[in-house]
Amino acid sequence: YGLGLPVDSGDTLPDGRTFKTVEDFKKLILADPEQIARSITEKLMVYSTGHTVGFTDAKAINAILADAKKSDYGLRTLVHSIVASELFLTK
Numbered sequence: 247y248g249l250g251l252p253v254d255s256g257d258t259l260p261d262g263r264t265f266k267t268v269e270d271f272k273k274l275i276l277a278d279p280e281q282i283a284r285s286i287t288e289k290l291m292v293y294s295t296g297h298t299v300g301f302t303d304a305k306a307i308n309a310i311l312a313d314a315k316k317s318d319y320g321l322r323t324l325v326h327s328i329v330a331s332e333l334f335l336t337k
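Positions 247 to 337 (our numbering) are the ones given, in order, by the sequence shown.
Among these hints, one or two may not hold up.
Stated by the list, open to error - In silico SDA-like cross-links for lysine to any residue, where the CA-CA straight-line distance does not exceed 25 Å:
no., residue 1, residue 2
1, K273, A312
2, K337, T295
3, K305, S331
4, K266, V292
5, K337, L321
6, K315, H326
7, K305, V292
8, K316, A304
Hints are computed from structural coordinates only; laboratory data are not their basis.
The structure presented is a predicted model; accordingly, all values stated were derived computationally and were not measured.
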C-alpha cells in the first residue's frame, strides 16, 4: 500500500470551509449537529412517504427538529417526531 501516490483527502465544502484530513472533515461536519439532523430528517421523510420534501414542508421539518433538539437530535426522537408529524400522516 505504501508504493502508490499519497492520497489528497482535502477539499472545500460548499460554504467555503476547507479541510486537509478526514479528521478535519469530521470536526467540520460535527460542528453543526442541526444541519446533520435536518439532512437525516429530510432523507427519512422522503424514504417514508415516497415524496420529495419541498419548501412548503419547511415548517413541519423545523417543528420536527425543534422537538428532536430536546434530546440532542437523537435518532429515536427524530423517527418518533417524523411518524407523529402531520407531514408524515398526510403524504
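Status of each hint after checking the structure:
A distance of roughly 23 Å separates the Cα atoms of K273 and A312; the hinted pair therefore holds under the 25 Å criterion. Straight-line distance between C-alpha atoms of K337 and T295 comes to about 6 Å, which keeps the hinted pair within the 25 Å bound. Distance restraint check for K305 and S331: the Cα-Cα separation of roughly 11 Å lies within the 25 Å cut-off, and the hinted pair is therefore satisfied. A hinted pair counts as satisfied when its Cα atoms are at most 25 Å apart, and K266 with V292 does not qualify at roughly 33 Å.
Between K337 and L321 the CA atoms are separated by roughly 21 Å; this keeps the pair inside 25 Å, and the hint holds. Proposed proximity of K315 and H326 is supported: the alpha carbons are some 13 Å apart, at most 25 Å. The hinted pair formed by K305 and V292 meets the criterion: a straight-line CA distance of about 16 Å does not exceed 25 Å. As the CA atoms of K316 and A304 are separated by approximately 19 Å, the hinted pair is consistent with the 25 Å bound.
The structure shown violates just one earlier hint, number 4.
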